[in-house]
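J.: Each chain, letter by letter, is given below.
Protein chains: 2
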Amino acid sequence: MPPLHICSLILCSISAVFSSPVGRDSVCGYKSCPATKPSMLNVHLVPHTHDDVGWLKTVDQYYYGDRNYIQHAGVQYILDSVVDQLQKDPARRFIYVEIAFFYRWWKQQDQKTRRIVTQLVNEGRLEFINGGWCMSDEATTHYSAVIDQMSLGLRFLNDTFGECGRPRVAWHIDPFGHAREHASIFAQMGYDGFFFGRLDYQDKGRRMRTKEMEMVWRASESLKPPVANLFTGVLPNGYNPPAGFCWDQSCDDAPIRDDPDLEDYNVDVMVQNFVSTANSQATYYKTNHIIMTMGSDFQYENANLWYKNMDKLIKYVNALQANGSKVNVLYSTPSCYLQELNLANLTWPQKTDDFFPYADDAHDFWTGYFTSRPALKLYERLSNSLLQTCTQLEVLGGPKSRSGPFGEGDSDTMKRAMGVAQHHDAVSGTEKQHVAYDYAKRLARGWAHCEVLIRNSLAVLTGSEAPRVMCENLNISVCPLTESSHKFSMNVYNPLARAVSWPVRLPVNGSQYSVTDANGKAVDSQVVPLTKSTQEVRRNRGYAKGELVFQVKAPPLGYTTYIISLLQDGPPEDKIVHRAPPSIQNKFLKVTFDDNTGLLKTLTNLETQQTIQLSQNFYWYNASAGNNYESNQPSGAYIFRPNSSTPFIVNKTAQIEVVTVSGVVQEVTQWFSPWVSQVVRLYEGRRELELEWTVGPVPIKDGLGKEVITRLDTDIQSSGYFYTDSNGREVLERRKDYRPTWDLKQSEPIAGNYYPINSRAFIKASDDKRQLTVVTDRSQGVGSIYNGSLEIMLHRRLLYDDVRGVGEPLSEPGEFNDGLVVRGRLLLTLTPPDQAADTHRPLAQGMVLQPLLSFQDGTPSTNSKLEFSGLQAALPPAVHMLTLSQWDKDSILIRLEHQYEAKESKTYSQPVTVNLQKLFSTFKVLGASEMSLGANQWKKDMTRLSWNNEMNVKPVPVSDKDPSPWEVTLNPMEIRTFLLQVQQ
Amino acid sequence: MPPLHICSLILCSISAVFSSPVGRDSVCGYKSCPATKPSMLNVHLVPHTHDDVGWLKTVDQYYYGDRNYIQHAGVQYILDSVVDQLQKDPARRFIYVEIAFFYRWWKQQDQKTRRIVTQLVNEGRLEFINGGWCMSDEATTHYSAVIDQMSLGLRFLNDTFGECGRPRVAWHIDPFGHAREHASIFAQMGYDGFFFGRLDYQDKGRRMRTKEMEMVWRASESLKPPVANLFTGVLPNGYNPPAGFCWDQSCDDAPIRDDPDLEDYNVDVMVQNFVSTANSQATYYKTNHIIMTMGSDFQYENANLWYKNMDKLIKYVNALQANGSKVNVLYSTPSCYLQELNLANLTWPQKTDDFFPYADDAHDFWTGYFTSRPALKLYERLSNSLLQTCTQLEVLGGPKSRSGPFGEGDSDTMKRAMGVAQHHDAVSGTEKQHVAYDYAKRLARGWAHCEVLIRNSLAVLTGSEAPRVMCENLNISVCPLTESSHKFSMNVYNPLARAVSWPVRLPVNGSQYSVTDANGKAVDSQVVPLTKSTQEVRRNRGYAKGELVFQVKAPPLGYTTYIISLLQDGPPEDKIVHRAPPSIQNKFLKVTFDDNTGLLKTLTNLETQQTIQLSQNFYWYNASAGNNYESNQPSGAYIFRPNSSTPFIVNKTAQIEVVTVSGVVQEVTQWFSPWVSQVVRLYEGRRELELEWTVGPVPIKDGLGKEVITRLDTDIQSSGYFYTDSNGREVLERRKDYRPTWDLKQSEPIAGNYYPINSRAFIKASDDKRQLTVVTDRSQGVGSIYNGSLEIMLHRRLLYDDVRGVGEPLSEPGEFNDGLVVRGRLLLTLTPPDQAADTHRPLAQGMVLQPLLSFQDGTPSTNSKLEFSGLQAALPPAVHMLTLSQWDKDSILIRLEHQYEAKESKTYSQPVTVNLQKLFSTFKVLGASEMSLGANQWKKDMTRLSWNNEMNVKPVPVSDKDPSPWEVTLNPMEIRTFLLQVQQ
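Residue numbers (the working numbering), protein chains in the order written: chain A, 691 to 1674; chain B, 691 to 1674.
Derived from the structure by calculation, the hints contain no laboratory data.
Just so you know, not all the hints are guaranteed correct.
All copies of an identical chain are treated as equivalent in the list; a pair is satisfied when it fits inside any one copy or across any two copies.
[Unchecked claim] Straight-line alpha carbon distances no greater than 25 Å define the calculated SDA-like cross-link-like pairs of lysine to any residue that follow: (1) K998 <-> R757; (2) K1002 <-> W796; (3) K802 <-> D779; (4) K998 <-> D987; (5) K1002 <-> K1016; (6) K998 <-> D1284; (7) K998 <-> D779; (8) K1005 <-> R757; (9) K797 <-> D958; (10) K1426 <-> D1043; (11) K1222 <-> W796; (12) K1342 <-> Y1006; (13) K1005 <-> T803; (14) K998 <-> Q809; (15) K1005 <-> W796; (16) K797 <-> D1001; (17) K1002 <-> R757; (18) K1235 <-> S1174; (19) K1596 <-> A1455; (20) K1131 <-> V959; (21) K1131 <-> V957.
Since this is a predicted model, take the numbers as computed values, not measurements.
Chain A with its partners taken away, still in its complex shape (with noise of 0.2 Å):
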């Protein structure tokens, strides 16, 4: 796709943001590979470090090597020790991945040191692999933010070393199973391959049998290969070095002692195990070129012990050439192996499905983190799409966003938080807790510092600088202006490229209001009493009575504003039912309820006249404490392992404690024990029933841990099928009990068949047309291990670690100490399936960015603009806008995003266009230029190594055209990114 040449102007300017310090004689990339010999095999040393983004402590202890008490761990001094050593010998190499440390210890470099890396990195001696702030987990992260923190990183590194700072190769050597929407990711941002340590033990075994433990993955169903293609390789090792060859000051194994004047000279015995390990580890590769990891966690602190003894390893394994031996050691990165793979010109095994889930034993799936710290999951989920408001609001306003009547306010902050929260020991829940509370402490910064621009922003944007509140705790119901205010107009602010209508909660103590629209249009409302979950999780921090409900609708990336005035002061009327009505219904559902049992019976759709049984229950799984004689691994943050495949139900039946009927909303409350609670919700006008889950504190004085599910039992014959996404995108077909690249042998009925949501899972039966898809608001496990039901893992307290390091057992205490409780909201449609996606793409990506409300106290002033939208026009339905924001002063970044796959929407699975120069109301686009997903390289510059595989032996390169250069034109699935040169 050739990249537009709008104006040379813009390219002028921008490429000022890609004039690094590559000096002309730089040799890095490929060009800077060390030689190989081909009659050998060769062994590439690839010296690492992988330095976790916050684990056991927080990014910046680890950062500064506080606490070591912990775990030993400072980066700044891996960072001070790697540049010392490389600076001895010219051979040596080093990677280095995450970004959110380098960034660190750049700034507090001073030019000398900074001169020193710039050559380094100039010279391929110090190269940067994956690039992003962190390693992203793979299980629970969403699309949006995974592109987000790996801009971050990678803007980083182009803006300090340019072109010799462009990673080659992505490298997720520790999370916990690999997602093919992070291949696709991945390929989409130009990599030329992808490694990784950890897969399925069975699958792992079987790819060392078959040799295939490099690939390609075809990571896309939608997208026209190789757009999506990844080569991928598993590293022998996971992410460290082969038994005996460990030199870090962390590991316990032999120095190499070659001075025959002292004891112990071993030169010979560890030549020799050197040489039989790659031999034996080149068995399960197809070339005659190996990798080996050189390193782990935090390693290369004192980056001496390493190459000191790496040197004496080349140097005396190479010596053996002489006498005949066809092994050739030498210090290598990732890419420099990866180039020598794609010289040999091999064809390559495919790989179309993902690497979830992840086992490491028969009875250690690493399932239970999908689920882990299901809190900081929604809240980094929220934070997302406060940031993706933020930046919006930043570009909308302009540059008084970031300095204006509010103060200094920024989205930088924001987005390093979401980029550490990305890390794979952050939003997966696998941290200590101390660290989770740092991850949401950074997070509640970032608000912070963006509610500030956000209120300078809508200052600008409504000319009115009278005080504005956000409230942050609307999902308890507490908001101290709306409780105590007679008359207070709330601003919404909507970051979809779309209208949108949105149910509205605020906590209030009158019992009726008006609701006025911007027109002055009065709106429909209803003051419902507050359930007594609420009331129990507020406890004092609020007194509202009840919740004033109503819809708004929103401009495309824009705001209205609605006034409320409380016409009648008082709780609300109490009209309390404790018994299910039989049935409540809106326009589009009906939905029926068990007469005995106070379930959900039945889901209709009314405008398909499709019904299907429908049960909903909350269960939990008793956690394995890892003593039972098939294994001794208990669940953990980590692990989830039921101790039986029958989970204990909470109760067989509801109490109804509340029955709301209106004509805002219809709602019933579920309660299940004092610890489940549910409110059953039928918005008027809208196509999905919600269930508002309330589950904690999770009871553990019987000394079991919980796992707490709560399971939709229907009458679709799904036969063990279901659906889930990937990182909120494509989905992928799921099978109990199966795998589709090996024939697995199940031994775990439960956590061996859980896979992660990132927004929603469907069951559907190919034979009767009626599909059942769950939207969720954050990351969850999930399985369906009946016929026709599907379960999701909504809460975790567990008594034990499951020894993967974190130390501890996952009992979140919550704000009392007693437990941590949750509450969450499950959208469930009930549709045809070649329907389904008209529904559910637009019901997740209204999740996943929600709109924003604030508040200000009294009446707008007269002059201030209520309504307001940043678009000319809402962009076609097919189309998301997944990024807009600032890039320097006179350019954004956007991302122009197809959210339909290609065969999923009759509707919307087609080739859509937009008009570049047509988008925005507030600037003029002057120019533009396609950039790849990373927004590191001009989408023209983006040559990726070309790689044969079993399905395509030569990829044909993709060459639709655009219809102009303004027009471009979205393919399903397809993300475009561009620079715009924009005048406000």
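Place chain B on chain A using the hints.
T.: Below, chain B alone, put in the same frame as chain A:
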């Protein structure tokens, strides 16, 4: 004392030795010290590492960083890292101490690194401190070996770095108590000051209160001040950094977090803590300078951690000066700190006793290691004897000694092995078992190298290249040659500078032999049966049935030869008597036995007609298991803590096994238990009673650790006073439950009264003129708990670790894994006090430098030279030739020692003069130049800092004149060191 300037030639040739790469602009030594601020409290940060020359790992394991699972420590990396870090900032300083390690490292460096290091040394940025091969133990070492090991390290430094490599400060930060003789040696080696870390906790408390942490140690009662005066400082925190400021990779203290953008900015609190720590420390010291030891065991493997944080500390603490702070922090060295103390020109307190025993708490007396590993302690002592013989014969035999008919031999291997063995966790017996084996192995390799040299040298001197064997197992009566040969010759080399007579015992199978001396004269001999314990100990390694006993006489620094022929085959006559005789006696001594108990009863000096009641028996203290209410301290390798002050008696009576009464020897074998026996022995013509004890395997099946003593109970009214030597030289008075410098609160009535002896102990009574002296064959712990009593700890076998790091109970397995058997000798003399030294000085010197026996089968060839002396004449009785060693091709190093104290001998405590040109018989002395005791400085250049102390405000320099340039006068206890240019 002005040095000799006899020969300009020698100075020219020797000066090459000292011509080291000191650049013209070198500013090492005191000139390189950093500026301080007179009006402030100057805090001298001293970056240092303490590198044990073996302890939990062997010296080579420590060097390489092998077996880090035992202890993380790798000296090669420490030096790599420090050299790197020193280059980064000229303000940074480091000191290095243990040359055994530095030597290994230096050998492996390339020219570039060597140049860099030399420059760092020349600029005073890397400073050598102490500079011996190791940091010697002070309780269990003999001065001869200490001087040798110091000289070995100092010579390496001088050869490598010249004057800038010369240490100014002695630094014994870890040894467990401090010997006065060590201080005297350091003073005579030219050190300006001495710092240490460990002293009795009561002593330290008092010194802190009275600001007596720094003092002038008057380390000799014989040498004229200030020759043996040594400025001595007690370090504030042992050798560790103050709490909270340890930034090594092995520490967990918080780093300085000075980036306000990151979490947990802590500069203010760190600075505050440091200033308060410094001010608090200053209250214990006299000047406005204080020292902080920034380092500890094997620290600085990653020096960046230390320096980076100290850089920040210095920056931020000194920044406060702008706001009136009076604390000034700087990188410094012990020398620079010492220089400031010297400039302060104060009068310092004086110390005349020593720092034994060391207790770090009320029940934690480090008096066990005085005896720990008694077999290693003896082997070290015998190795010293062999080394002196070896270096003598290297000189006397000339160049062929190193490369001769028996191959390549050297004394360097033994010098280095002995250097390592002096370490404070080597001969001290406080290392792990596998490390003890390593020390022994190194010594054994030293023996092997020396034995080749000795065979070569004796081949030169005797003219016979016939095979010659040494029998190293004579102590267990094993020597294949003497056991089987019908005729053989025995060469007796005497390393003392006076003729000696010596009883020899050879394992044989005949019952009668003819023994003739070098003149063909018959020598009285006797075959005595082997004791049962000897048979048990040797097991199947030998098959001798008896021992041939006779006395030999050997010339000074030379050998003689005996011819032994079998006269009658068969076992020795069986004349076993199972009853002790009423007495045994020779010309000088008479011993009586108690007829009921079989124990000794009286000892009589027949010359002086003095008799004492003397009862002797064996006891064991039950070692504390650490489980009593007073303290949980168990006995261990370091610590002696009996469970009760009353020891268990092994047996109230001794069974008499064998009694031999002949003209050669009279001996009574006492059997106390299966694991304790003794031979009471009186050789004809000797003034000492020999008690040859055999202890072990110490039984532990009863679950009780045992500390075995022998106790000599007499009727001497010693009143709690007794006397022990210091490192084998000067004698100190001890007194029960008393310390000369503070008011002792005795908390361990036994362990708190133990002191180390290296060669002798005695009790005497001022009123009755009887002195019982015990000369020992190795270092041991001794106490006088009862009036008239001396007890000597012989062996220890324990069941618990004493929690001082070694991590093993001291339970030596011995050769057959059932517990080590140890054999040793005590030599008892009874004399008037004023004649005692005349006997015990030569007796102890003979124990230290024993004749070396070597054997040739058959009859010596007729042209072989049967007798030889390297001296023109024996040295005067007061003079000991401490060192005779080849220095380089044309020069030799000698040390002449006056071996009497100033007042101990009426006959010998006088100045004595020796003519250097008339010493040697085999070469001509062309020139002589006096050196410091450490042989790293011309005596004339030795100008030490002078210190005022309480006794002599201004010490007068010693200015005794030698009679002539060649004739040198030795005053009591003086050692003089000369480099002689010689011609063979």
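J.: All the hints need checking, so say for each whether the structure fits it.
T.: Evaluation of the provided hints:
1. K998 <-> R757: between (28 Å within a copy, 17 Å between copies)
2. K1002 <-> W796: between (31 Å within a copy, 17 Å between copies)
3. K802 <-> D779: Both. Shortest intra-copy (19 Å) and inter-copy (13 Å) distances satisfy the 25 Å Cα cut-off.
4. K998 <-> D987: both (19 Å within a copy, 22 Å between copies)
5. K1002 <-> K1016: within (18 Å within a copy, 51 Å between copies)
6. K998 <-> D1284: Answer is neither; intra-copy 73 Å and inter-copy 70 Å both fail.
7. K998 <-> D779: both (11 Å within a copy, 24 Å between copies)
8. K1005 <-> R757: between (38 Å within a copy, 23 Å between copies)
9. K797 <-> D958: So K797 and D958 pass the 25 Å test across copies only (21 Å; inside, 45 Å).
10. K1426 <-> D1043: This pair counts as within: shortest intra-copy Cα distance 15 Å, inter-copy 85 Å.
11. K1222 <-> W796: Intra 52 Å, inter 77 Å, cutoff 25 Å: neither.
12. K1342 <-> Y1006: neither (71 Å within a copy, 66 Å between copies)
13. K1005 <-> T803: Between copies only: 19 Å across, 29 Å inside.
14. K998 <-> Q809: both (22 Å within a copy, 23 Å between copies)
15. K1005 <-> W796: between (33 Å within a copy, 20 Å between copies)
16. K797 <-> D1001: between (31 Å within a copy, 18 Å between copies)
17. K1002 <-> R757: between (34 Å within a copy, 18 Å between copies)
18. K1235 <-> S1174: within (11 Å within a copy, 111 Å between copies)
19. K1596 <-> A1455: For K1596 and A1455, only the intra-copy Cα distance (18 Å) is at most 25 Å; the inter-copy one is 117 Å.
20. K1131 <-> V959: between (52 Å within a copy, 23 Å between copies)
21. K1131 <-> V957: Cα proximity of K1131 and V957: across copies only (22 Å, versus 51 Å in one copy).
Of the hints listed earlier, those the structure fails to meet are numbers 6, 11 and 12, in rising order.
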